[in-house]
Amino acid sequence: MKTINQFKMRLQAKSTNESFARASVGAFIAQLDPTIEEISDIKTAVSEAVTNCIIHAYKEFSGDIYITVKIFENNKVKIVIRDKGCGIDDINKAMEPLYTTGGAERAGLGFAVMQSFCDKLRVISKVGKGTTVSLFKEIKSK
Amino acid sequence: MECKLNIENDILTAELDGEIDHHTAKDIREQIDLEIEMQNPKTLVLDFSDITFMDSSGIGLIMGRYKKIKQSGGKVKIKNPSPNTFRVLKLAGMDRLAKIEREE
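Going line by line, the protein sequences match chains R and D.
Per the numbering used here, residue 16 is the first one in the first sequence, and the count goes up by one each step.
Per the numbering used here, residue 311 is the first one in the second sequence, and the count goes up by one each step.
If you're looking for bench data, these hints aren't it; they were derived computationally from the structure.
For every residue, glycine included, the Cβ atom is placed at its ideal position computed from N, Cα and C.
Some hints here could point you the wrong way.
[As the list claims (entries may be wrong)] Straight line, CA to CA, 30 Å or less: simulated DSSO-like cross-link-like pairs of lysine-lysine:
id: 1; chain 1: R; residue 1: Lys74; chain 2: D; residue 2: Lys378
id: 2; chain 1: D; residue 1: Lys380; chain 2: D; residue 2: Lys400
id: 3; chain 1: R; residue 1: Lys135; chain 2: D; residue 2: Lys400
id: 4; chain 1: R; residue 1: Lys155; chain 2: R; residue 2: Lys93
[Said to hold, decoys possible] Computed footprint of chain D on chain R, listed as stretches where at least three residues anywhere in the stretch have a Cβ under 8 Å from a Cβ of chain D:
id: 5; region: 47 to 59
id: 6; region: 66 to 80
id: 7; region: 101 to 109
id: 8; region: 125 to 131
Could you put the whole structure together from the sequences, leaning on the hints where they help?
Written out as structure tokens, the structure is:
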């Protein structure tokens with residue numbers, strides 16, 4: 016697939032940056048003329064992935080979140096959210112709806128939302144090295 | 311993010327304005343919990359009319375308040391979520407815990 020446009024950013028894993036991260040990705044995707052629902056799906060999925068980096072990956076130490084958004088010629092979008100945090104020991108367990116290590120105020124639905132609001136989700140993780148979450152979505156409105 | 315609280319006839323209404331994510335949820339939670347402890351309401355109404363974004367942090371927020379108010383026999387109502395917020399609520403099965411009122 017040929018990439019027609021690309022956007023990269025690196026930001027500190029701070030909760031104040033959650034809204035900036037999803038708004039930036041949403042603004043970049045806007046060039047594909049998505050519906051309100053499509054843009055909202057993407058912003059929600061990005062917000063979940065970025066929140067995971069802040070709550071889980073960088074729980075013990077601070078670090079940066081790396082976001083790459085690629086737009087392909089067939090209106091397909093790939094968003095990669097990467098951290099160099101603690102990594103996930105058991106990805107299948109982490110992806111189970113309602114499973115959380117985040118405490119009573121977390122629903123444990125981050126991955127379930129990403130899965131539901133995107134066409135495809137890929138998670139690669141290594142304990143002590145970090146996690147890469149790739150979100151795939153086709154913008155159909157055009 | 312704004313959270314306007316109002317109590318009338320044992321009904322605590324929280325009018326929320328803006329975006330609910332992990333960052334903003336903490337402040338809303340603290341404000342609502344303080345009011346629940348002080349007023350001991352029978353019903354908590356979360357008015358989402360002016361909520362423009364919500365991710366699963368909002369689900370954690372609702373579930374936490376639901377558990378808190380349920381201890382004293384109270385209930386939670388969710389008012390006017392946007393279509394996108396409603397999808398997150400449905401995905402989490404919130405319609406089984408709380409009454410969701412939507413404007414047509």
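Hint-by-hint comparison with the structure:
no.	hint	verdict
1	R:Lys74 x D:Lys378	holds (26 Å)
2	D:Lys380 x D:Lys400	holds (20 Å)
3	R:Lys135 x D:Lys400	holds (20 Å)
4	R:Lys155 x R:Lys93	holds (14 Å)
5	47 to 59	holds (count 6)
6	66 to 80	holds (count 3)
7	101 to 109	violated (count 0)
8	125 to 131	holds (count 4)
Consistency note: the structure conflicts with earlier hint 7 alone.
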